[in-house]
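> What follows is the residue order along each chain.
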Amino acid sequence: MAFNYEKYIRPGKLPHIWCPGCGHGIVMKGLIRAIDKCALNKNRTAVISGIGCASRLPGYVDFNTVHTAHGRAAAFATGMKMADPGLTVLCVGGDGDGVAIGGNHFIHACRRNIDITYILMNNHIYGMTGGQFSPCTPTDGFASTTPYGNPDPVFDIAKLAIGAGATFVARTTAYHATQIDKLIIEGIQHKGFSVIEILDCCPTSYGRRNKYRSVVEMMKQHKELAVPVTAAAKMAPEDLAGKIITGVLHKEDKPEYCEQYSRLIEKVQEQAAAKG
Amino acid sequence: MTRKTALIQGNEACAHAAVYAGCTFFAGYPITPSSEIAEVLAKELPKVGGKFIQMEDEIAAMAAIIGASLCGHKVMDASSGPGMSLKQELIGYACIAEIPCVIVNVMRGGPSTGMPTGPSQSDVMQARWGTHGDHAAIAIAPASCQEIFAETVRAFNLAETYRMPVQILMDEIVAHMREKIVFPEPGELAIVTRQAPFVSPAEYKPFDTSFGDIPPLAAMGGNYRYHVTGLNKAPDGFPTTKAELVDAEERRQLRKVEAHAAAIEKNEEYLTEDAEVIVLSFGITSRSARFAVDSLRQEGVRAGLFRPITLWPFPEKRVAEVARKTRAIVVPEMNLGQLVYEVERVVKGSCRLAALGRVDGEPITPYQIIDKVKEVL
Ligand SMILES: Cc1ncc(C[n+]2csc(CCOP(=O)(O)OP(=O)(O)O)c2C)c(N)n1
Ligand code: SF4
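Quick mapping for you: the protein sequence lines, in order, are chains A and B.
According to our numbering, the first sequence is numbered sequentially starting from 1.
According to our numbering, the second sequence is numbered sequentially starting from 1.
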């Protein structure tokens with residue numbers, strides 16, 4: 001039987017603002033299927049975003065949703081999770097939102113290992129504002145503000161997250177739709193800060209400028225460049241150049257932030273009680 | 001019954017008052033001269049099951065308190081100068097999304113890093129207009145440790161009542177001076193908590209105005225599911241660009257304060273009834289002003305003190321009234337002219353007006369005020 005998305009889509013809020021061929025819709029469907037699989041209670045689930053095309057996602061889905069300010073999703077989400085640790089908190093947003101303007105909040109959320117699942121839709125561009133380059137635009141790539149090709153080096157989001165202390169880090173692409181569900185489910189179930197980077201496509205602001213004739217061509221490239229992490233482990237580094245390593249890249253158990261704080265409260269209150 | 005008293009700093013009084021008011025969540029980023037507020041709350045909040053978090057910067061601290069407030073907590077953040085500049089965008093978010101929160105600004109000189117350890121009153125206009133766009137503002141400026149306690153409690157009550165950010169403006173002197181305070185007993189000061197929804201989750205709209213200009217706010221994570229955005233929104237919380245909805249929402253947000261100005265305003269008047277000259281002053285400067293008024297009275301000058309405790313909304317009606325009955329108003333403030341423009345706007349030339357500014361990191365003395373009064377009379 002076909003999956004029924006209606007249960008999770010807010011009535012009257014579609015059509016969405018995304019362009020035909022935009023990968024954000026694929027991610028939204030994957031997120032919905034993952035939440036359904038995890039059997040999350042809608043009232044006890046919050047989806048938080050920043051600003052950008054990707055960040056419009058929360059408006060369409062029927063949970064507690066907060067469309068915050070550009071780059072600030074992780075910081076709002078940290079306040080919400082601390083305030084109500086039983087709430088399942090998910091962040092969604094673009095690459096510019098998450099690791100340019102929001103980079104500081106992103107790395108500190110990783111460091112705290114607060115139990116939030118961050119789904120980062122990396123389409124290598126600022127889509128909403130018309131295609132300026134982001135920290136994830138390939139070097140030499142074209143954007144409206146890199147008319148001679150991008151002189152900047154690129155952020156490796158997964159490495160950044162691992163280095164900053166995230167305890168679950170995974171990557172896939174918009175082409176690998178079923179893997180999106182699987183990784184989000186694992187991220188939600190993991191206790192700690194989980195980052196799922198999804199390489200996404202923006203035909204309008206990125207594809208057009210970078211000589212992709214269609215979104216199909218962009219997706220095909222994702223398919224061809226993807227190397228599952230298990231296969232990558234057996235490959236030489238030079239063979240991996242330019243490839244997209246997909247799957248769970250990092251997973252470890254470390255104390256979760258809200259649990260640590262709850263223990264602190266218990267300790268303080270016990271000490272106060274002992275003193276009388 | 002002996003009442004609990006203590007010799008404490010203004011910042012400490014503010015932090016203890018937050019707990020008294022029911023604050024259960026504080027997020028901040030250290031900055032002189034506000035840090036003691038965070039330090040006291042880091043210690044006190046866990047005792048009452050509350051939470052303290054030191055964020056990575058001031059923007060994050062604002063974001064965290066807004067998030068926690070959405071989840072039903074009473075929240076506070078404290079900062080100064082550069083930190084307040086960073087917070088402005090999300091103060092605007094709290095305005096448009098109508099999220100109750102209290103922000104303490106222990107003012108230092110500036111712009112930029114300015115004078116971290118010197119007193120200042122130079123954020124009067126920032127407290128009103130710091131974030132972009134039209135918005136309402138409430139700001140309170142207490143002048144003693146006892147008053148800081150009471151006004152901090154009132155700041156929470158106002159934030160919760162009007163569903164908006166409220167700023168407490170202190171200067172380094174009131175924040176760091178130690179005075180004896182008498183702690184109010186539990187129940188002695190009124191405590192207000194935001195209005196919960198009157199309707200069922202199915203009927204709930206986060207910006208529903210059927211019950212008046214201040215829409216009830218449900219805690220996220222309970223039975224009410226809704227959407228919040230910083231975009232202009234319709235009563236259901238979803239973004240809109242419909243001209244009439246945007247216009248109605250913008251005007252309602254200003255009306256929340258304008259229509260309740262009488263309830264929000266608070267002034268102290270000292271010998272203003274027969275005054276031929278009035279010193280209009282707030283915060284620590286008002287204490288020099290009071291001393292100046294007493295000295296001038298001894299010399300036979302009929303001086304009075306008008307002290308706005310609520311700076312925003314500015315007590316325009318009352319100031320206009322006293323201006324009509326006096327010959328001159330002198331406005332001493334530790335900046336180069338901010339509140340004086342507001343006084344000028346409402347006095348409309350009905351009496352003489354003189355500004356007295358000081359920005360060298362030293363407080364304005366009573367003698368400076370006395371000289372200014374004599375000059376203007
Ligand atoms: C403080 C601030 N600066 C700039 C902007 C303008 N802005 C809106 S969306 C955006 C970039 C969005 O790009 P990304 O996060 O990668 O998401 P996408 O639109 O590609 O999905 C920018 C720069 C803003 N809204 N706020
Ligand atoms: S501009 Fe790009 S990111 Fe934005 S909706 Fe269109 S395709 Fe998607």
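Hints were generated in silico from the structure; no laboratory data involved.
Some hints here could point you the wrong way.
Taking lysine-lysine and the BS3-like style, the derived pairs with C-alpha atoms no more than 25 angstroms apart in a straight line are [as the list claims (entries may be wrong)]:
| # | chain 1 | residue 1 | chain 2 | residue 2 |
| --- | --- | --- | --- | --- |
| 1 | A | K13 | A | K37 |
| 2 | A | K191 | A | K29 |
| 3 | A | K13 | B | K242 |
| 4 | A | K267 | A | K243 |
| 5 | B | K47 | A | K275 |
| 6 | A | K223 | A | K211 |
| 7 | A | K159 | A | K37 |
| 8 | B | K4 | B | K242 |
| 9 | A | K254 | A | K182 |
| 10 | A | K182 | A | K37 |
| 11 | A | K254 | A | K243 |
| 12 | A | K267 | B | K43 |
| 13 | A | K243 | A | K223 |
| 14 | A | K29 | A | K220 |
| 15 | A | K267 | B | K242 |
| 16 | B | K317 | B | K266 |
| 17 | A | K275 | B | K43 |
| 18 | A | K29 | A | K254 |
| 19 | B | K317 | A | K275 |
| 20 | A | K267 | A | K191 |
| 21 | B | K242 | B | K180 |
| 22 | B | K266 | B | K205 |
| 23 | A | K191 | A | K275 |
| 24 | B | K205 | A | K7 |
| 25 | A | K243 | A | K220 |
| 26 | A | K42 | B | K180 |
| 27 | B | K205 | A | K13 |
Because the structure is a prediction, the values reported are computed rather than measured.
> Tell me the hint numbers this structure goes against, listed in increasing order.
4, 7, 8, 11, 15, 18, 19, 21, 22, 23 and 26
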